[in-house]
Amino acid sequence: MSKKIYIGNLPFSATEQDLRGLFETHGEIDSVNVIMDRETGRARGFAFVEMAEASAADNAIRALDGSDMGGRSLRVNEAEDKRGGGGGGGYRR
DNA sequence: GTTGAGCGTT
1 MSKKIYIGNL PFSATEQDLR GLFETHGEID SVNVIMDRET GRARGFAFVE MAEASAADNA
61 IRALDGSDMG GRSLRVNEAE DKRGGGGGGG YRR
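Under this note's numbering, read the first sequence as residues 1 to 93, first letter to last.
Among the hints, a few may not be true.
[What the hints assert, rightly or not] Here are the simulated lysine to any residue pairs, SDA-like style, with alpha carbons at most 25 Å apart:
| no. | residue 1 | residue 2 |
| --- | --- | --- |
| 1 | K3 | T40 |
| 2 | K3 | A43 |
| 3 | K4 | R62 |
| 4 | K82 | R42 |
| 5 | K82 | L64 |
| 6 | K4 | D18 |
| 7 | K4 | L64 |
| 8 | K3 | T15 |
| 9 | K3 | R62 |
| 10 | K82 | D30 |
| 11 | K82 | G66 |
[As the list claims (entries may be wrong)] Here are the computed distance ranges between Cβ atoms for each label pair:
| no. | residue 1 | residue 2 | range |
| --- | --- | --- | --- |
| 12 | A63 | E39 | 12 to 22 Å |
| 13 | T40 | M1 | 14 to 24 Å |
| 14 | Y6 | R38 | 11 to 21 Å |
| 15 | D58 | N9 | 12 to 22 Å |
| 16 | T15 | E78 | 34 to 44 Å |
| 17 | Q17 | D37 | 28 to 38 Å |
| 18 | M1 | R42 | 19 to 29 Å |
| 19 | N33 | D58 | 17 to 27 Å |
| 20 | E16 | A63 | 31 to 41 Å |
| 21 | R38 | N59 | 23 to 33 Å |
| 22 | E78 | R44 | 11 to 21 Å |
| 23 | N59 | E39 | 30 to 40 Å |
| 24 | G66 | N33 | 18 to 28 Å |
No lab work stands behind these hints, which were simulated from the structure alone. We treat Cβ as the ideally placed atom computed from N, Cα and C, and that holds for glycine.
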């Protein structure tokens with residue numbers, strides 16, 4: 001079972017590759033998704049990483065949460081399900 | 001700078 005991870009307080013210069021490089025150290029990466037504002041195309045300063053194993057995800061969260069990146073302390077946690085749990089966007093059924 | 005998106009309907 002894969003697990004989603006939220007990464008906040010990211011430098012706007014952070015990329016998917018940056019995050020993947022960090023997380024793959026702790027476990028198998030299922031997917032990486034840096035969030036961009038779809039209306040402006042600018043980075044929003046946060047991202048999501050999905051890992052193959054929940055145990056690996058938890059390990060990565062512990063290791064990376066509070067880490068200093070570019071002078072900013074990263075916020076790493078299990079992601080909330082605003083996309084995969086409710087249905088998506090507001091319409092459903 | 002803080003928890004994604006788009007598709008498209010009950």
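Legend entry - Those earlier numbered hints the structure runs against, lowest number first: 1, 12, 13, 16, 17, 18, 20
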